[in-house]
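*Asks:* Sequence:
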Amino acid sequence: MRRVSLSMIVYLIWDERNKRIFEGKSALPAQVFRKFQILFFMVLRFHEKNHFLINVAW
Numbered sequence: 001m002r003r004v005s006l007s008m009i010v011y012l013i014w015d016e017r018n019k020r021i022f023e024g025k026s027a028l029p030a031q032v033f034r035k036f037q038i039l040f041f042m043v044l045r046f047h048e049k050n051h052f053l054i055n056v057a058w
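Letter by letter, the sequence shown follows residues 1 to 58 of the UniProt record's numbering.
Hints may be right or wrong, so weigh each one.
Stated by the list, open to error - DEER-style ranges, computed between Cβ atoms:
1) S7 x A30: 29 to 35 Å
2) L44 x D15: 19 to 25 Å
3) R2 x E23: 16 to 22 Å
4) F22 x H47: 18 to 24 Å
5) S26 x F46: 17 to 23 Å
6) L44 x G24: 29 to 35 Å
7) R45 x L12: 27 to 33 Å
8) G24 x F46: 17 to 23 Å
9) H47 x I21: 17 to 23 Å
10) R34 x M1: 16 to 22 Å
11) I13 x L44: 29 to 35 Å
12) V4 x A30: 18 to 24 Å
13) L6 x A27: 28 to 34 Å
14) I9 x R45: 26 to 32 Å
These are computed hints drawn from the structure, not numbers from a lab.
Backbone N, C-alpha and C fix where the C-beta goes; we use that ideal spot for every residue, glycine too.
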């Protein structure tokens with residue numbers, strides 16, 4: 001989960017940077033953190049329930 005968390009943080013910072021540079025939009029740090037929380041808990045929930053994209057148990 002640490003790798004996933006790090007990947008999400010890097011992505012969110014990169015996305016925020018691009019929005020500021022190319023679109024002139026900026027979000028508050030609390031909004032970026034909230035996006036991280038939502039993504040993290042979605043991934044955690046998906047991981048805990050042992051969901052798979054392809055069901056191979058025929």
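*Asks:* Against each hint, give a clear statement of whether it holds in the structure.
*Replies:* Checked hints:
no., hint, verdict
1, S7 x A30: 29 to 35 Å, "violated (21 Å)"
2, L44 x D15: 19 to 25 Å, "holds (20 Å)"
3, R2 x E23: 16 to 22 Å, "violated (31 Å)"
4, F22 x H47: 18 to 24 Å, "violated (33 Å)"
5, S26 x F46: 17 to 23 Å, "violated (30 Å)"
6, L44 x G24: 29 to 35 Å, "holds (34 Å)"
7, R45 x L12: 27 to 33 Å, "violated (19 Å)"
8, G24 x F46: 17 to 23 Å, "violated (34 Å)"
9, H47 x I21: 17 to 23 Å, "violated (33 Å)"
10, R34 x M1: 16 to 22 Å, "holds (19 Å)"
11, I13 x L44: 29 to 35 Å, "violated (20 Å)"
12, V4 x A30: 18 to 24 Å, "holds (22 Å)"
13, L6 x A27: 28 to 34 Å, "violated (20 Å)"
14, I9 x R45: 26 to 32 Å, "violated (19 Å)"
Of the numbered hints listed earlier, those contradicted by the structure are 1, 3, 4, 5, 7, 8, 9, 11, 13, 14.
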